[in-house]
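Visitor: Listed below are the residues making up each chain.
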Amino acid sequence: MISFSQVRKSYRGGYEALCELSFSIDTGELVFITGRSGAGKSTLLKLIPAIERPTSGTVLVNGQNIGSMRRAAIPYLRRNLGLIFQDQKLLYDRSVFDNVMLPLAFTGHAHKDAARRARAALDKVGLLAREKANPITLSGGEQQRLCIARAVVNRPSILLADEPTASLDSASAAEVVEMFRSFNQVGVTVLIATHDDALIQRLNPRVLALNQGRLAS
Amino acid sequence: MNNWLRHHWQSFGLTLRRLARNPVATLLNVTVIGVALALPLGGYMLLQNLGRVAGQLPGNPHVSLFLARDAGKNDIAALEASLKQIPGVRALRFISREQALEGLKRSENLSDVIAALQTNPLPDAFVLETVGGVAEMEKLEGQLRALPKVAHVQLDSAWVQRLDALLKLGRTAVLILATLLACGLVAVTFNTIRLQILTQKDEIEVSKLIGATDAFIRRPFFHLGLVQGVLGGVAALGIVYVCMHILNRSILGLAQLYGSDFRLSFFDLPDCLALLTFAAVLGWLGAYMSVSRHLAGIEPR
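Keeping their order, the protein sequence lines are chains A and B.
Residues in the first sequence are numbered consecutively from 1, following the numbering used here.
Residues in the second sequence are numbered consecutively from 1, following the numbering used here.
Just so you know, these hints were derived from the structure itself, not from any lab.
Errors might be hidden in some of the hints.
Beyond 10 Å from chain B on every Cβ pair, some chain A residues (computed) [to be verified]:
{"#": "1", "residue": "Tyr15"}
{"#": "2", "residue": "Arg79"}
{"#": "3", "residue": "Ala115"}
{"#": "4", "residue": "Gly126"}
Straight line, CA to CA, 27 Å or less: simulated DSS-like cross-link-like pairs of lysine-lysine [what the hints assert, rightly or not]:
{"#": "5", "chain 1": "A", "residue 1": "Lys46", "chain 2": "B", "residue 2": "Lys139"}
{"#": "6", "chain 1": "B", "residue 1": "Lys139", "chain 2": "B", "residue 2": "Lys149"}
{"#": "7", "chain 1": "A", "residue 1": "Lys112", "chain 2": "A", "residue 2": "Lys132"}
{"#": "8", "chain 1": "A", "residue 1": "Lys124", "chain 2": "A", "residue 2": "Lys112"}
{"#": "9", "chain 1": "A", "residue 1": "Lys89", "chain 2": "A", "residue 2": "Lys112"}
{"#": "10", "chain 1": "B", "residue 1": "Lys168", "chain 2": "B", "residue 2": "Lys84"}
{"#": "11", "chain 1": "B", "residue 1": "Lys201", "chain 2": "A", "residue 2": "Lys132"}
{"#": "12", "chain 1": "A", "residue 1": "Lys46", "chain 2": "A", "residue 2": "Lys112"}
{"#": "13", "chain 1": "B", "residue 1": "Lys139", "chain 2": "A", "residue 2": "Lys89"}
None of these values were measured; they are calculated from a predicted model.
Heads up, the beta-carbon is just placed ideally off N, CA and C, and yes, glycines get one too.
Input sequences plus hints: build the corresponding full structure.
Guide: Right under this line is the structure:
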């Protein structure tokens, strides 16, 4: 499903974010990527939806080579991925409901069908009652759950989350992690970048530990 | 196909809602475009009306042929016969010196002067209606001069030519003005769309991240340029229409003095539609340039 082989990512100025990285993740796995700030967790996650391209090596996602992918093909790759960002990237000029509707605007769903799906996603993260609210009025945990709803509304086969619990109290963090686990249980491949050790101990998942852009053994 | 149409429809609705949400900004933009378009449009309307007046004048100008004082009845008959032989002459009318004097007596200002005259100073004359262009006219003039008992030949085509040349000059000026202001319209749209893109930077970035195609992201901006152009065109037509009515009030008084019922008339429907299409295309072009320039710069990091 996702496979990295000999992946190197260096930025201008010679900074190497990832170095000789090789691993593969099967369909339906739940994998945590850990490491200190600057270890390359975010870079790794950005390579999968082609936000960044590898400097050398191959990144395969669902059999597609990210490094050589045409620009025009990227949107279709991303529609099959659910992305949850560190900075959330919610739109505060529209309601909770419209935020979740955004990914359905360009996938060709009829409005009625799209609205039904959006409400189902909001229901799954427990925000159905707040659909008319502005995201700015939500608590930190609720905002993070809204991000999850937006990420899953297209029913992606892969979920990528960058530090999803970083700004949350432990109760909210537990809720969010529980959600990821429930998506994983219905067959979604889940990748979570985190430095929250408590989280990892509770779930006991597969862990990819990064240290200065390399896999730590 | 259905999907594509629905996308366009949704994007169009979104554009209208966005415009309605910022009525002041929309109004200002539309006014700028409207005024810019109204200048050449007003000029064009004036020219069209002048052209209409010029078109009402006899297309083939008249030639007045004044006879020598000593021309007798036989000379006149002979001349009439030979004039009818000339190919460039389509019709002719004889005005005797008595008729000409009667005509002058009827005009108020001159009747006193005429009454004081003891003899009739006017010559007999022929008025010829001719066919042919400027070159033929000049040839005809020479031909007429050579006829016996002809004292003077007067072409009244000169001022028609002058009017024609003036209209041509006016058209060129309007065309230059229109070109310049069309560039202005494109620039205004370019800038509006740039601001709109900056305002929606977050939305564009998120849309790109969750799988929106470039075409999908561009579409509302094209629609925005298009709608703004059309609204500007409507504003321009409105401005010119109002100005025309104001001018007509003064023109009516002036025309009455000259015994004419001349008044400016507005564009017909095809002209209006052509203008709106033109404005729409310019708006779209401005949007296209702006989107090509600015959208690529917004890439998720």
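Visitor: Are the hints correct? Go through all of them and say.
Guide: Do the hints match the structure? See the list:
1. Tyr15: holds, 15 Å
2. Arg79: violated, 4 Å
3. Ala115: holds, 13 Å
4. Gly126: At about 21 Å from chain B, Gly126(A) clears the 10 Å cut-off, so the statement holds.
5. Lys46(A) x Lys139(B): violated, 86 Å
6. Lys139(B) x Lys149(B): Holds - the C-alpha atoms of Lys149(B) and Lys139(B) are around 19 Å apart, at most 27 Å.
7. Lys112(A) x Lys132(A): The hint holds at about 17 Å.
8. Lys124(A) x Lys112(A): holds, 19 Å
9. Lys89(A) x Lys112(A): holds, 25 Å
10. Lys168(B) x Lys84(B): Given pair Lys168(B), Lys84(B) is violated - Cα atoms ~35 Å apart, limit 27 Å.
11. Lys201(B) x Lys132(A): holds, 23 Å
12. Lys46(A) x Lys112(A): violated, 33 Å
13. Lys139(B) x Lys89(A): Violated, at roughly 84 Å.
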